[in-house]
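Engineer: One-letter residues, chain by chain:
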Amino acid sequence: MDDLSKLIEERAIARLLYDYSYYLDMNRPSEMAALFVDECKVSYAPNFGAEGIEAYKKTLEGIGTFFRATSHHNSNICVDFIDDTVANVRSIVLAIHRYAKERSDGILYGQYIDRVRKVDHLWKFESRELRTTMATDYHVRQSNPIGRAP
Amino acid sequence: MDDLSKLIEERAIARLLYDYSYYLDMNRPSEMAALFVDECKVSYAPNFGAEGIEAYKKTLEGIGTFFRATSHHNSNICVDFIDDTVANVRSIVLAIHRYAKERSDGILYGQYIDRVRKVDHLWKFESRELRTTMATDYHVRQSNPIGRAP
Amino acid sequence: MDDLSKLIEERAIARLLYDYSYYLDMNRPSEMAALFVDECKVSYAPNFGAEGIEAYKKTLEGIGTFFRATSHHNSNICVDFIDDTVANVRSIVLAIHRYAKERSDGILYGQYIDRVRKVDHLWKFESRELRTTMATDYHVRQSNPIGRAP
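Residue numbers (my numbering), protein chains in the order written: chain A, 1 to 150; chain B, 1 to 150; chain C, 1 to 150.
Calculated from the structure, these hints are not laboratory results.
Each statement offered as a hint is correct.
Which copy is meant is left open, because identical chains are indistinguishable; a pair holds if it fits in one copy or across any two.
Heads up, simulated DSS-like pairs for lysine-lysine below, C-alpha to C-alpha not over 25 Å straight-line:
(1) Lys6 / Lys118
(2) Lys124 / Lys41
(3) Lys6 / Lys124
(4) Lys118 / Lys57
(5) Lys57 / Lys101
(6) Lys58 / Lys101
(7) Lys124 / Lys58
(8) Lys57 / Lys41
Modelling step: build the complete structure from the supplied sequences, incorporating the hints.
Structural biologist: Here's what the structure looks like:
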């Protein structure tokens, strides 16, 4: 993979992350699901995730009614290519959740550890793991640790 | 527009967004205004915006005295070129406002929907619309909605 | 420096900033120190900084025990090259600090003003100055000002 191709593909991969957040914040779950390969693996927390696109779609139910609004800010995106069509991606997220119920906003500070794959000219999530750095008033109690050194 | 040119122009457009935030946080309104074309259209909220650079400059009055400090964090920048000199840009912003008055910080979570144009080798804002995802203790009561699906 | 090289080096410099934040949040101070040149100058605040790598390493002691978690979000990265191996970098940071002690999270909104240098094919920090836009419940009382116009 030459230098120019790497830069182009990196931008396309960043866009994948941005589109995920955009569709999530806009409550458009079917467009979120289209960003994943059929045999995807997703883990938001222990016992909260999915294997395969049909199971993943189920985890997206309720975004519209559980939250009044969400805002997902992605940054610090680091792409490491395995080959021309597969890459590991590490990034961080600030996610604010305003609930339909009267309660304080839930704030999540986390890392996304993604494996992305290019399928028919489009980058998609093959696996996506959310690791939690810390959280405030967040409704998900369990979390995948980031593995901070003690 | 070839691939390399797209990457170069994308960086220049991101820089435009960053410079806007920098000059805003530094309270340098005349340098902010210089980032807009003369016939610009700006909407921060219904009844809060401007058409034309002279009207826009008026909206910038009072940054220095109304706020003690602001911090504008831009991310998730998505550039779609219309042609070599025009592009649509979608991005998100986290904006913290510390008021001169004693009151809680106003926090805005929003989307910027921009049209940018290259004029004399420089990218400038042709139109800029702020859409509000949610806000906390923010002084602007009305807002342009992001259009989240119900 | 041709256009393609600039883009490649910019990405490498952004990665330097991201790796700094990653190792900080992961409490891996020796990997943080490796991102600085031996004769580095660092200023986090007046009377809180270091000259030279050995002094810098001392400032990193206690990350592991003073904080339970931190999350550093870098954005608005602006790279200006001086020549092929030196660049000035301006960026902003949102940094959340959860303390080991029972107290509110310390939040810092700031600018990083960096000078980076390419040494043996790797970009490193030659100087790093943190300027504080504002802070909330943060343990560091003094700060370098951003120089916001009055």
